[in-house]
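> Chains A and B, in that order, are what the protein sequence lines are.
Take the first sequence: its letter number 127 is residue 127 in my numbering, and every next letter is one higher.
Take the second sequence: its letter number 141 is residue 1141 in my numbering, and every next letter is one higher.
Simulated from the structure, these hints should not be mistaken for laboratory data.
Check before you lean on any hint, since a few could be wrong.
In silico BS3-like links for lysine-lysine, alpha-carbon gap of 30 angstroms or less [stated by the list, open to error]: (1) B/K1198 to B/K1063; (2) B/K1018 to A/K122; (3) B/K1188 to B/K1011; (4) B/K1029 to B/K1011; (5) B/K1063 to B/K1024; (6) B/K1024 to B/K1136; (7) B/K1029 to B/K1136; (8) A/K122 to B/K1208; (9) B/K1188 to B/K1063; (10) B/K1063 to B/K1018; (11) A/K122 to B/K1029; (12) B/K1208 to B/K1063; (13) A/K122 to B/K1151; (14) B/K1011 to A/K48; (15) B/K1188 to B/K1029.
Some chain B residues judged to face chain A by a derived CB distance under 8 angstroms, without partners named [stated by the list, open to error]: (16) N1021; (17) R1027; (18) T1102; (19) H1106; (20) G1144; (21) I1172; (22) V1205.
Just so you know, these numbers come straight off a predicted model, no measurement behind them.
Note that CB positions come from ideal geometry on N, CA and C, so glycine has one too.
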Amino acid sequence: MPINTLSDVEFGEDLPTFVPDTSLATGANFAKLVGWDGPRFTDHEAAKKEGLAGAMIPGILSQGYLIAMIHNWAPPAEIITVDTVFRAPVMADDAHTITGVVTDIDEDAGTVEIDLTVSNEKSETRVFGTATVRLPT
Amino acid sequence: MILDLHTHSIKSDDGRAKVENYCKWVRSKDVPIDGFVLTEHRQHDFESDYSALAEQHDLVILKGSEVETEYGHVLVFGVTEALTEAFDFSRIDLPLEMVLETSEAHGAVAVPCHPGRPRVGMFAHTEELGIPQGVKIVEIYNGGSRDNEDKIAIDNADELGYLGIGGSDSHIVSHIGRCATAFRQDIKTMDDLVGALKSGEFEAVTFKH
C-alpha cells in the first residue's frame, strides 16, 4: 500500500523492491538525450576498448531509478537528498534490483531516511547510498 | 561477546551512516552484535564521544582506523595520538610492514582487511610484492566482499597461519552486523579489544546469508 503520510512509515520497513530497466537500449537513449553520447554508454564492444567490462548505465539514470523507487513507495514524497556512492558500474544488459529500507524517522522535521542499495544478479552491491525525503504529516 | 570490528560513519568520506542510527538499527532489528568499532578511512576520530549513545543503547562503541598501504587497506585498533604522529594516516601509499611494526610498537594491532578483494586487498598483491612480514591477523569475513573474495581470504589465511576476524565494512546503517567477531572475554574498552586480539581468543562470524 502506498505511503501517503509520515505516520504511515515504520522504522525498518522495506520499500518494495524495484527492478530498473538497465537495457543497453534504454541506457544509450538516456545518454544521448543528456548529451553523454559516448561509446561507454552505447556500445558494449566500444566500451571494452576503453578498458571497461562493457557498456554501463549512466550514473544519473541510476539515481533517477532510485527516485522512481521512492516515489513508487510514497507518491507524495519530496526528495530532499539522494546521496550515492558508486562502488562499481551498473552494467548495461545485466539485471539489477534496488532495495531500500527506512533507517530513521524524524517526526519533528517530517522526514525519513532511507538506505538504498543497487545490486546485480550475483548480489554484488554496485551502488549504495541514502535518501532523505519529506512526507506530509 | 560479538563485535562488528569494521564500520564507517559519516566521518568517512564514503560513509553515509549516523552512529545514532546504527545504534537504533542494531537494537530494533535485533542484530546479533554487542557493539561495533568505527574504523574511519585515513584518519582517527579523536573528537567524537559516543559514550552516551553506547550507554543509552547498551552497546560497546569503540574507535579504530582504516589506513591504506601498498598491499591494500588495513584496520588499526588501539590508535593513540603518538601513533598518528608516527605515520601519516591520510596517505594512501603507506608501507604495510611499517604500519604493522609501528602499530605494534605503540601497543596497537594492525589487521589487513578484505584481503581477498582486488586492488584494495592484501592477497591481490602478494604475488607481485611477496608475503609481508608481521601479519598475524587478517579480516576473513567482510560484509562488503563477495563470497569468492572471502574464500580467497580464508584459504590464504589458513595457508599462512593467520588468525581471522570479521567485520561488516558497513557504510550505510542497514549493513551493520553482516559480519563480526566473537570473543570469549568481555570487551568494554579499546584496551580490552587490543588485549583480546593479541590473545588470539576470537573467531570470525558471518551473518551474510
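> Against which earlier hints does the structure fall short, listed by number upward?
6, 7, 14, 17, 18, 19, 22
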